[in-house]
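Student: Sequence:
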Amino acid sequence: MRLFKLICVLFILFCFFVTYLNARDKRMNKEFRDIEIKERRAKKKKKEKPLSVAYGVKKIAVLPFFDLTKKNRKETEMFADKIASQLVQTRMFDVKYPKEVISKVLTMEFTRELHNFDKEDKYKLGKALGVEALVFGEVKEMDLYEPTKISYSLKMFIVDKNRNGTQQEIWDLSSYGVPLKYVRDKDWERFSMIWAPQNVCNTSLKSVQKRIKKYAKKMDFEDHAFGWKYIIRSNERFLEFVSFEIGQDLLIAANPKYRKRSGAWYRLKDLFKK
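Going by my numbering, the sequence shown opens with residue 1, and the numbers climb by one from there.
Some hints could be false.
Stated by the list, open to error - Listed next, the in silico PhoX-like pairs over lysine-lysine satisfying Cα-Cα at most 25 Å (straight line):
{"id": "1", "residue 1": "K213", "residue 2": "K82"}
{"id": "2", "residue 1": "K140", "residue 2": "K122"}
{"id": "3", "residue 1": "K99", "residue 2": "K155"}
{"id": "4", "residue 1": "K26", "residue 2": "K104"}
{"id": "5", "residue 1": "K82", "residue 2": "K26"}
{"id": "6", "residue 1": "K82", "residue 2": "K218"}
{"id": "7", "residue 1": "K155", "residue 2": "K140"}
{"id": "8", "residue 1": "K119", "residue 2": "K104"}
{"id": "9", "residue 1": "K82", "residue 2": "K70"}
{"id": "10", "residue 1": "K213", "residue 2": "K58"}
{"id": "11", "residue 1": "K82", "residue 2": "K140"}
{"id": "12", "residue 1": "K59", "residue 2": "K99"}
{"id": "13", "residue 1": "K218", "residue 2": "K122"}
{"id": "14", "residue 1": "K122", "residue 2": "K59"}
{"id": "15", "residue 1": "K59", "residue 2": "K104"}
{"id": "16", "residue 1": "K58", "residue 2": "K104"}
{"id": "17", "residue 1": "K82", "residue 2": "K217"}
{"id": "18", "residue 1": "K155", "residue 2": "K124"}
As the list claims (entries may be wrong) - So the derived label-pair ranges between C-beta atoms look like this:
{"id": "19", "residue 1": "G130", "residue 2": "E109", "range": "16 to 26 Å"}
{"id": "20", "residue 1": "I37", "residue 2": "R2", "range": "25 to 35 Å"}
{"id": "21", "residue 1": "K155", "residue 2": "K218", "range": "25 to 35 Å"}
{"id": "22", "residue 1": "T111", "residue 2": "K217", "range": "42 to 52 Å"}
{"id": "23", "residue 1": "S234", "residue 2": "Q89", "range": "16 to 26 Å"}
{"id": "24", "residue 1": "R112", "residue 2": "K74", "range": "17 to 27 Å"}
{"id": "25", "residue 1": "K140", "residue 2": "E120", "range": "22 to 32 Å"}
{"id": "26", "residue 1": "N235", "residue 2": "R112", "range": "23 to 33 Å"}
{"id": "27", "residue 1": "K119", "residue 2": "R91", "range": "26 to 36 Å"}
{"id": "28", "residue 1": "D34", "residue 2": "F14", "range": "25 to 35 Å"}
Calculated directly from the structure, the hints in this document are not laboratory data.
Beta carbons: idealized from backbone N, C-alpha and C, even for Gly.
Based on the sequences and whatever the hints tell you, model everything.
Tutor: Structure below.
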């Protein structure tokens, strides 16, 4: 009987000992596994490129915009400057301002006006400026009195030649390149009224007012409820808002993730997630 009790006690102790060893092994394995995961993450972080490098386009020159209205020259110049400033604020691009572009153009011999540049002229100018892309713009309509309204067309070109010897147009804000049949019903109002197809931004539209209110909150204006009205009544603030929207659009367009085989980049899914 005593022998049986002794055997039972030893068996129980053995079970406890085995359980302890298993628990210790699991704990040690977990610690080693955590260390290994941390080391892998550290190596991965070292390999990851910063956001500015991850983007396909890093150096951009914003050219002076062409005023098709022939009566808003100063406002058109301000518009181009503000778009350049918005791109600088993203901290994703090295940006050349319109004034820098004009200074460089004056030192070079071009036979055409800036807005009539052909592909070879764009290539020469881009190389002279030391940039990877050029942003061209035209203002088709501008009314900075309430209700404020602006219509424009913007394009960005890759400076380097591709295999076919032609420049790649990677971004065209006058038309997204997204067929209307792919636009969901709930996105139709924003797609058709704010940006496409003529890119007419009219502050009397409710959908635009929502965007302006969101922008006012993002800019941390003192009164979010009424700050958006100040944007509408202020010419400079309104152009800042439109430039902000354009900058967000261009950020997506410059991401290689959205590059097409044709060489054109357009925002697709993210366009309707804003």
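Student: If a hint holds in the structure, say so; if it doesn't, say that too.
Tutor: Taking the hints in turn, this is what the structure says about them:
1. Between K213 and K82 the alpha-carbon distance is near 19 Å, which keeps this suggested pair within the 25 Å criterion.
2. Between K140 and K122 the alpha-carbon distance is near 22 Å, which keeps this suggested pair within the 25 Å criterion.
3. Simply put, K99 and K155 have alpha-carbon atoms about 19 Å apart, close enough for the 25 Å limit, and the pair holds.
4. For the hint linking K26 to K104, the alpha-carbon distance of about 68 Å lies beyond 25 Å, and the restraint is violated.
5. For a cut-off of 25 Å, the pair hint linking K82 to K26 is broken: about 59 Å separates their Cα positions.
6. A distance of roughly 17 Å separates the Cα atoms of K82 and K218; the hinted pair therefore holds under the 25 Å criterion.
7. Taking the CA atoms of K155 and K140, the gap is near 14 Å; set against the 25 Å cutoff, the hint holds.
8. The hinted pair formed by K119 and K104 meets the criterion: a straight-line CA distance of about 17 Å does not exceed 25 Å.
9. Proximity of K82 to K70 is assessed by CA-CA distance (about 20 Å); at most 25 Å being required, the pair is judged to hold.
10. In summary, the hint linking K213 to K58 is not supported, as the alpha carbons are separated by about 30 Å, beyond the 25 Å threshold.
11. The suggested pairing of K82 with K140 holds, with an alpha-carbon distance near 17 Å, which does not exceed 25 Å.
12. Of the pairs offered as hints, the one joining K59 and K99 holds, with about 16 Å between alpha carbons and a cut-off of 25 Å not exceeded.
13. For the proposed pair K218 and K122, the alpha carbon gap of about 36 Å is over 25 Å, so the pair is violated.
14. Taking the CA atoms of K122 and K59, the gap is about 15 Å. The hint holds against a cut of 25 Å.
15. The hinted pair formed by K59 and K104 meets the criterion: a straight-line CA distance of about 16 Å does not exceed 25 Å.
16. Proximity of K58 to K104 is assessed by CA-CA distance (about 20 Å); at most 25 Å being required, the pair is judged to hold.
17. Between K82 and K217, the direct Cα distance comes to roughly 19 Å. Compliance with the 25 Å bound is thereby established for this hinted pair.
18. Among the hinted pairs, K155 with K124 is consistent with the structure: their alpha-carbon atoms are about 18 Å apart, no more than 25 Å.
19. Judged by the Cβ atoms, the range 16 to 26 Å given for G130 and E109 holds: they are separated by roughly 19 Å.
20. Separation of I37 from R2 is about 52 Å and departs from the stated range, judged on CB atoms against 25 to 35 Å.
21. The supplied range of 25 to 35 Å is met by K155 and K218, whose beta-carbon atoms lie about 27 Å from each other.
22. Look at T111 against K217: about 49 Å separates their beta carbons, and that is inside 42 to 52 Å.
23. Judged by the Cβ atoms, the range 16 to 26 Å given for S234 and Q89 holds: they are separated by roughly 19 Å.
24. Our hint of 17 to 27 Å for R112 and K74 holds, since their Cβ atoms are close to 24 Å apart.
25. For the pair K140 and E120, the beta carbons lie near 26 Å from each other, so the given range of 22 to 32 Å is met.
26. With their beta carbons about 31 Å apart, N235 and R112 fall inside the hinted range of 23 to 33 Å.
27. At roughly 30 Å, the beta-carbon separation of K119 and R91 lies within the given 26 to 36 Å, and the hint holds.
28. Checked against the given bound of 25 to 35 Å, the beta carbons of D34 and F14, roughly 30 Å apart, stay inside it.
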